[in-house]
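**Q** Here the protein sequences line up with chains U and H, keeping their order.
Residue 163 in my numbering is what sits at position 5 of the first sequence, and the numbering runs on without skipping anything.
Residue 301 in my numbering is what sits at position 62 of the second sequence, and the numbering runs on without skipping anything.
Take the hints with a grain of salt, since some may be wrong.
Here are the simulated SDA-like pairs of lysine to any residue, each with C-alpha atoms no more than 20 Å apart in a straight line [unchecked claim]:
hint, chain 1, residue 1, chain 2, residue 2
1, U, LYS427, H, GLY294
2, H, LYS258, U, GLU399
3, H, LYS293, U, ASP438
4, U, LYS447, H, PRO290
5, U, LYS427, H, ARG296
6, U, LYS420, H, LYS257
7, U, LYS410, H, GLN327
8, U, LYS471, H, ARG296
9, U, LYS401, H, LYS257
10, H, LYS243, U, THR450
Because the hints were derived from the structure by calculation, they are not lab data.
These numbers come from a predicted model, not from an experiment.
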Amino acid sequence: MQSNSLVVRLLKDNIRDSYKHFAVEESILRLVDEDKSPMTLRIRKYNSSVWIGVNQLVEEDVDVEYCEKMNIPIVRRPNPGGAVYQDEGSFCFSFFFKIDELFQHLNIDDPSLLYQLIGKVIIDTCQEFGVKAELSGRNDVTIGGRKVYGSAQLQLYNALVHSGTFLVKTNIEQMTKTLRPSKLKFSDKGFTNIRDRVINFTEALNRDIELDDIINILLNKMAKNLNLTFSKINQSFTKEENKLIEALYKTKYSRKEWTFPKIPKSEFKIISKTKIGIMDLTLTFDEDKIRTINLSGDYLIPEDTSLKNLLSKVINKSIDETYRIINQSDLSTNYKECLIELFNKFQRKYQNEY
Amino acid sequence: MSTKKMRLELLLAGPPTKKCLFLKNTFEGFVRNNPQLQLNIYYAGSAISVPTTKGYRQTLDKRIVIPMVFINGTPIPKEYHMDIEALQSFINEEFNKGENEWHD
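Only chain U is shown next, with the shape it has when bound in the complex (with noise of 0.2 Å):
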């Protein structure tokens, strides 16, 4: 054991059911919080299955109907991001710590800093294979500026779970059926298609690899890294951690209400990236009329009271006379020009619910 390192319980509990999966992961946090469970590295594999972030609406980035026929579950996720494909051909891992203990240990004060730290880790190992990898952005790591790994934070109170993916021999023929990720975001990133956007670790590789040994080195690298010192592996739970898993097991996770909420009818969101950026409209409509509205995103706004007056005037208006509203207001051309783009999008969408 290295001097003053911290001293962190290894899980692997084999648990590859994805409802129950994430019962133990909110389980843990919850217990971390409360001084109830150590401080614990979780290793995690799955059998097939597909997450969406704890804000997405499932629709709009999987497949349903492909996953249904497939027998592949979805599952949302109690952490925020995107939706991902997981399969055997990859690992997780999630990191449970009470924020002052380890950012006292690591001499940090940002969670946002822990994302460089374990990613110079996954990039150590990726180095470790010969393999050359980097940080992209906040939480990717990528090889050849494909993604190979992504991670992503959950804060409860005192509490932090810093949660990586990794890549390794994963059927992205199967993640593209199952994912429809948004337009928008790929072409923010320079990028068409999924395939275009990850790699598996043994395509950079040029050979097989068991995940045992990738995992392996990464908790060689983590403990060095960041100075812990694990225990020997853990594949059960405490007491208190099965009870409060079962729990969230049967109230949440396995419930399809968790996985797909039933959303007020009458209220709608669309998000669409128009010439002068990207623009987010939340309307409640009822007896085809628009009752409550807003506009956000980031973009030009124009004159500030001239988009009050209009969004003030569409108030209790059928679409029809919205348009004619937008039309005849003094904003500009390509500001009406967007607007109206947005405004048909919303109708598409209100005609394919209804």
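Place chain H on chain U using the hints.
**A** Frame of chain U; chain H shown alone:
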């Protein structure tokens, strides 16, 4: 008398933890004492049925922090989340700005 209300928003874990219940009860108390306050509680991962404030929407990120507390669309730093007096002071400060400064 104006019907406009000042927004209070909480993002909590679902189902709520003991600490979440403390926050929920605290804020429900604030609203009971002042009918011009409106409380919206969001549970992480559950559908949100009301338009959120701009301040809330701007915090959606690759990282979720629970809880999040917004008073009139302004995020409140975590060190004040369990401090009832500090929370009441933040509410008073925003409330006293007047309803023209209250965000939808």
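**Q** Would you mind marking each hint as holding or not holding in the structure?
**A** Results of checking the hints against the structure:
| no. | hint | verdict |
| --- | --- | --- |
| 1 | LYS427(U) to GLY294(H) | 17 Å, holds |
| 2 | LYS258(H) to GLU399(U) | 18 Å, holds |
| 3 | LYS293(H) to ASP438(U) | 11 Å, holds |
| 4 | LYS447(U) to PRO290(H) | 17 Å, holds |
| 5 | LYS427(U) to ARG296(H) | 13 Å, holds |
| 6 | LYS420(U) to LYS257(H) | 26 Å, violated |
| 7 | LYS410(U) to GLN327(H) | 33 Å, violated |
| 8 | LYS471(U) to ARG296(H) | 24 Å, violated |
| 9 | LYS401(U) to LYS257(H) | 16 Å, holds |
| 10 | LYS243(H) to THR450(U) | 15 Å, holds |
Comparing the model with each numbered hint stated earlier shows that hints 6, 7, 8 do not hold.
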